[in-house]
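Asker: Next come the chains, spelled out residue by residue.
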Amino acid sequence: MTEKIPVTVLTGYLGAGKTTLLNRILTEPHGKKFAVVVNEFGEVGIDNDLVVGADEEVFEMNNGCICCTVRGDLIRIIEGLMRRKGRFDGIIVETTGLADPAPVAQTFFVDQDVAEKTRLDAVITVVDAKWLGERLKDAPEARNQIAFADVIILNKIDLVSADELAAVELQIRAINPYATLHKTERSAVSLDAVLGRNAFDLDRILDIEPDFLEPGHHHHHSAEIGSVAITVPGDINPEKFMPWINEFTQTHGPDILRCKGILSFKNEPKRFVFQGVHMILDGDLQRDWRPDELRQSKMVFIGRKLDRTMIEQAVEATRA
Amino acid sequence: MSTAPHTSLTAHVMPIDIGEHVLRCGFIGQHPVLALADGQVVFVREDGLTRTRPHGDAAILVAHIQHDMVLTGGEDGRVIRSLPDGTASELGNEKGRWIDGLTASATGAMAWSTGKHITARDSKGEIRKREAPSTVQGLAFLPKGYRLAYSHYNGASLWFPNSEANPDSLEWKGSHIDISSSPDGRFVVTSMQENTLHGWRLSDKKDMRMSGYPAKIRSLSWSHDGDWLATSGAEAAVIWPFKDKDGPMGKPPRECGVRPAKITQVAFHPNALVLAIGYEDNCILLCRLTDAAELLVRVPVKGQGSITALAWDKTGKKLVFGSSEGAAGLLTLP
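Heads up: the protein sequence lines correspond to chains U and A, in order.
Residue numbers for the first sequence follow the numbering used here, so the first one is 1 and each next one is one higher.
Residue numbers for the second sequence follow the numbering used here, so the first one is 321 and each next one is one higher.
Don't read these hints as lab results, they were simulated from the structure.
Hints are all accurate, no fakes.
Not close to chain A: a few residues of chain U, all C-beta gaps over 10 Å, as computed:
id: 1; residue: Arg24
id: 2; residue: Ile157
id: 3; residue: Leu285
id: 4; residue: Trp289
Short, incomplete list of chain A residues facing chain U, as computed with Cβ under 10 Å:
id: 5; residue: His341
id: 6; residue: Asp358
id: 7; residue: Gly416
id: 8; residue: Trp418
id: 9; residue: Gly435
id: 10; residue: Lys436
id: 11; residue: Gln457
id: 12; residue: Ile497
id: 13; residue: Met512
id: 14; residue: Ala535
id: 15; residue: Glu645
Ideal placement from N, C-alpha and C gives every residue a C-beta, glycine not left out.
Only chain U is shown next, with the shape it has when bound in the complex (with noise of 0.2 Å):
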């Protein structure tokens, strides 16, 4: 089997830097080249990659599961672009201002064909640090591009205080403490913050440490899209664990964004690790506890109207 062709989705609100930041890095010199699926022709445009249009049409599955949508234009281009090897050796998404960025990476879990070539590498979520704020205000699509980010790209800092840029900070944090985040003027950031980040790649999750230890401080309405971090001292009894996240993410799907979890099992000399989007969850055993590691389980979930206190209790539970 060859390997399989990342795919870099870069989500943002209109105006935050998205094309600025594509432009960078189509034109750093890499030597890679790239297949490039965009909404808008005209404002990309660089030779030896590929650019295509999309029209961001967005499915439901006839699965049972109401949360599952794909993008289906997406799915003919990966078809296509997936014919001819060797001809780039990456793929970059572009989604509108106003996407979700879900549809787009279900997509790489759920069509079997593209899963088969092609793997989410990351999604990559440019914000604007001047306009932000009045965005959480008015825009839900600025929140989940936030809460759904692997890589955050905190842009335009120069348009800002230093107290300005530390508030709005603390807002992303609020949503996501666990994104990478790069400050940067013009969108400039190197290639390997964004490129090669494997962020749903079960063997790359090493730990999960928030960047704040108290995320959520400043908001106390449930019905946001926050975060519920958990950590279990000890073993974990997996007959009961995972009946319950499975249930938990089929039961609550729709307003889970996205989990990440590395958890003990008892007599399980592995890591287990797993990650979802909404309903998809993916785990596996990874690689052995190393002797030096205290042995916990530590979770993660982002999404809208979390019970803490449900989730807690739950998962104490399943303690072995």
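Got chain U sorted already, so can you dock chain A onto it with the hints?
Answerer: Okay, now just chain A, sitting in the frame of chain U:
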């Protein structure tokens, strides 16, 4: 044709040196033609191959091969007709938008789509355009009259391009991919994103669901008498009975060519109940429906990809095939 099971026809296969993903193959008269994903149209003659590039450097996304011409749609947004003498003419230009769907009728009408936009071109060259409710996935002309069926999200539509009337809609929730009409025009069948087939009886729009596949069904082929519909997508060719007025409703399908590999292409013989079956491991079998006798056409070869194109000539004496890794060949029945 021999009747003994597993009799081999491999000695009667002439390899064709193709080297690129074969998108579609067919015949112009007695001569095989292959449309390749990298943009080539290859005409095969006794004295060798003629390779043309109707779309320049651009890739071919969709192709339709008929008895007298090859139609291709490319990443360059152009629809081109190529003739065996090497001449090519541009029939459509969608200004850089990918051509997603392409078909032609036996009487010379053609249709293509890009995104939601469909273009129909009748045999005189008259163009009609229409916008679908969502991206068009599959196109197929109905056997009678100038009527086009196209699949999209939540169903399919039947359109008379020369009429001002709105298309007739066939509704079923979900994303419909490929579309095909039975040879008698009584049924329209689509393949769906969820590894199922959906059918409609056109007389009353009655729905038919055909499910149980482990993979998407990307190849459909009707028997010459129209009584059977063979399908890919499983580790056996699944063949649905369409003879009765209810079609396959309440009836189990037949299965043939069971192997531990998924079927990627099926092609019914043009005048016998014999099915050519191509697999994901590039094996090819012929299977006779009447007694399930099997004939081996191609032994799987590691690294040569899956069978992506398979077609009989008009007489049913020759079968051309191609794979995702550029293996190709021509079977001439003894």
